[in-house]
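Chains as they are written, first to last, in my numbering: chain V, 24 to 396; chain P, 263 to 762.
Keep in mind that the hints were calculated from the coordinates and are not lab data. C-beta atoms are modelled at their ideal positions from N, C-alpha and C, and glycine is treated no differently. Possibly wrong hints are sitting among the right ones.
Straight line, CA to CA, 30 Å or less: simulated DSS-like cross-link-like pairs of lysine-lysine [claimed, not checked]:
no., chain 1, residue 1, chain 2, residue 2
1, P, Lys747, P, Lys632
2, P, Lys484, V, Lys282
3, V, Lys299, P, Lys609
4, P, Lys609, V, Lys290
DEER-style ranges, computed between Cβ atoms [to be verified]:
no., chain 1, residue 1, chain 2, residue 2, range
5, V, Ile388, P, Lys414, 58 to 64 Å
6, P, Gly751, V, Gln33, 48 to 54 Å
7, P, Cys602, V, Gly325, 33 to 39 Å
8, V, Glu216, P, Ile636, 42 to 48 Å
9, P, Glu321, V, Glu195, 34 to 40 Å
10, P, Asp762, V, Lys69, 42 to 48 Å
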Amino acid sequence: MNHAANTEMQMLARAASEFASGELISHRQETDRFPFGPFYTTILEKAFKLDFLHITLPAAMGGMGMSITALCMVLERLCREDASLGALILTHCFAQEILIQAGAAEILENRVGRAEAPERFLIACPLFNNPSEIRHVARLEKKGDRLTLSGQIDYMVLGGVADLALVPAAGEGQASWVYCLVDLRQPSVSISEPVLSHGLRCCPAVDLKFQNAEAVPVGVDNGGHTLFEAAAAKLSVAAAAISAGIMKGSFDEALAYAKEREQGGHKLVGWSDMRKMLADMAVHIEIADMVVSKGCQSVDQGAKGWEKRALAAAIHVQESAVQVTTDGVQALGGVGYMQDFGQEKRFRDAKHIQACFGLTPLKRIKLLEQIIA
Amino acid sequence: MLKTSDVKAYCAREPQFEDIICSLRAVSKQPKGMLKETREVIALARKFNDQIVRPYAAELDRRVQEDPDYLPHEFVEEANRWGLYSLWIPRIFGGKGYSLPSICHFLEEITSVCAAMANLIGVHYLGVATLIATWNTNIIQRVFNDVVEGEKSGHPCLVSLALTEPGAGTDIEETDLMDRGNIACHAQKVDGGYRVNGSKVFISNGHLSTWHMLFSFADLEKPSANLVMLAVRTGTQGFSFGRKEQKMGQKGCPASELRFDDCFVPDEYVCLDPAQASRLSRSRAETTMQVIDYVFSASRAGVGAFGTGVARGAYEAALKFASQTEVCGKLLINHEWAQCMLAEMHKNVLISRNAYVESNYANGMYGMYKTLHIKSIYYLVKYAPTVVLKKLVPLFMQSPLGTWLMRKMHCDWQTDAEIERTSGLGSLAKITATDAGVQNAQMALDLMGQAGLRQEWIAEKHLRDAKLMQIYEGTNQLNRLNLFKCLGGRRLPQVSVFTD
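The whole structure should be built from the sequences, with the hints applied where relevant.
Have a look at this one:
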């Protein structure tokens with residue numbers, strides 16, 4: 024991407040690149056051991072202080088108030104080296120966007136914008152499920168003047184990190200559902216051990232159990248589906264930027280290895296089938312750049328049909344990233360499969376992020392529905 | 263309709279009749295007992311899955327993620343108790359003698375639940391196959407005797423293949439590349455044996471094995487013509503284990519570094535060396551390639567079974583999820599788009615299975631299994647009294663005559679066309695099934711969404727496990743080139759492979 028259109032963006036881009044090469048690479052293998060190793064609290068705190076988590080939070084609420092383009096630029100640069108932090112930022116931005124769409128500015132302003140530590144700032148949410156596709160909602164009940172939640176929500180992303188969570192919930196027998204803000208520190212919330220996940224290990228998820236936990240609904244009654252769709256539409260291009268970053272990292276490492284490693288008496292990069300594989304990866308990356316760039320532009324300008332463009336960008340780039348990272352492992356052969364290198368993690372991360380906002384095949388169907396409508 | 267000579271001439275055209283449908287030719291020649299054995303083996307695998315593999319698959323994967331140095335001795339001991347390490351060792355060498363192609367069906371079953379555990383069993387037979395490929399019957403007899411005794415004593419005796427080197431992965435699998443590569447495992451001829459220096463990496467089951475079938479080379483300037491295959495026992499002075507790799511998947515099966523520092527291997531464990539190779543009909547370099555092809559023709563069918571198994575495991579996980587999960591108000595399994603995806607996954611499983619079965623038919627007619635698939639020999643070996651097998655056969659196998667006869671039958675009498683056919687179909691099975699394995703695992707995650715990302719659903723484990731299958735036993739790129747070399751471009755004089 025080349026969106027560094029102004030000085031602020033250029034500085035942000037440089038900061039993201041430096042952070043990725045300075046902080047993320049050196050700790051990548053160690054932090055990927057989570058939950059069997061420590062969570063990367065220090066790295067997260069540094070990212071928080073550098074305002075990587077505040078990019079799209081409106082300035083009036085204590086954020087940087089920058090565009091989706093700026094967010095994507097940072098995500099892509101971070102995810103070249105390690106996509107976990109990028110996914111963590113995306114999860115928070117998704118929850119934040121739901122609150123903005125729901126008109127819950129007060130919460131963002133008073134709670135999130137003033138937070139001085141990541142756990143107070145971040146909001147957990149189930150990034151990888153669309154509750155309208157696979158119904159996964161807690162039971163919402165009115166008890167006196169209180170609203171409470173019961174039941175279980177699986178795979179709450181950042182649930183073990185953030186103090187607050189956005190939980191999809193519905194009343195008994197109700198088809199429609201609503202998002203509720205829940206303070207995860209209350210004793211009526213049980214938090215599981217971190218789920219052992221395929222990729223994005225430092226964007227962890229937990230399973231939550233509620234027993235009459237206090238909850239505050241956000242947005243209009245039964246408006247969860249609308250909020251989900253609006254936030255997912257806006258941030259799908261950010262998910263694409265994560266995938267674009269992952270595939271660029273994969274290509275960089277594959278090319279560097281091919282230039283170094285010898286096979287049959289000359290450098291691997293000299294073998295024409297390897298050149299073709301690397302070229303295929305490069306084609307995917309060049310197209311991803313164009314697609315993400317156009318998607319960002321559409322979202323930021325609110326151009327007619329931006330939702331379709333953003334969704335198509337996400338579908339295409341995420342699929343490309345899965346292909347590129349598969350080849351990225353293959354290009355390194357046996358060592359590409361080992362955790363000493365970055366390729367196997369990118370392979371897992373690319374497939375993992377493809378699942379954000381719900382089932383992959385249904386995203387295609389949703390795109391067609393938008394076209395038909 | 264056609265004269266016999268015309269039929270012969272037309273069928274000799276490319277693609278040759280013999281290459282088209284090995285199964286059609288093989289079925290009539292195949293002993294009926296093999297079918298019964300295969301059914302029995304599949305049933306055994308399913309029982310083993312139910313009792314041992316399924317309850318432990320996710321736990322073992324998780325345990326190795328938590329402790330990368332963990333070695334699954336308890337599983338190996340269990341497999342040993344079930345007799346799985348001698349099940350496919352021919353009766354003439356002391357094993358239970360189940361038909362060799364049936365191991366692929368067994369491995370497919372186990373892999374459909376856990377590829378790592380399938381490797382903990384299957385990779386032992388890669389070592390076994392490598393030893394058989396030398397047809398040094400004396401050493402075969404002694405090493406296999408250790409395996410059988412290990413089952414009786416409860417101390418597992420596994421065999422590994424030590425081939426890949428830090429500087430030579432693909433290079434060591436093709437003689438066309440060997441002499442240009444960076445092969446470094448040197449075997450120096452000394453009085454009474456060889457002195458070995460070098461290292462091997464990514465050796466599956468290395469830390470768990472007692473015997474290691476080592477590929478080393480007497481002359482590193484021209485390794486293709488100087489292959490020295492040695493049987494090295496764990497504990498031999500100068501031989502040690504290095505690091506255990508941290509892999510993305512197949513975590514329960516260790517990938518080991520083996521180090522050789524002035525490691526002396528006596529003549530009695532020299533399976534094949536330039537002096538022995540000189541007594542065969544082919545040149546030494548051609549013999550090296552024949553041995554590699556011989557092993558890989560069988561083992562790549564095995565990897566085809568791994569690929570089929572992981573493709574099947576991913577398919578079954580997705581099928582289970584789809585049959586119990588409602589999406590947009592109705593079961594996922596009743597969405598037309600999901601049915602088509604599941605059908606595609608099912609197709610991948612069936613085609614992959616056909617590919618490895620066809621490869622094994624070729625091995626049965628032209629390769630490693632040839633002798634034991636001759637009906638008379640099959641039944642003779644199967645029903646020969648134990649006393650004959652224990653007393654008389656070893657006498658023959660341990661004599662020079664045994665090695666001479668087996669090498670004559672399996673090396674000298676194997677034609678170039680037979681080598682190409684078995685090797686080409688082995689590569690075909692490998693790339694077809696392992697690509698299908700990765701594709702199916704990715705499709706399973708597409709279908710399962712959030713649930714598929716969790717380790718306990720196993721679908722994501724299948725994806726991690728599947729990726730390695732596209733790499734080991736020769737990368738799929740190498741196997742595509744081998745398929746082209748052996749079957750696609752072999753009759754075109756202008757073709758040259760590995761010459762970029």
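Against which earlier hints does the structure fall short, listed by number upward? Numbers 4 and 8 - these are the hints that the structure violates, sorted from lowest upward.
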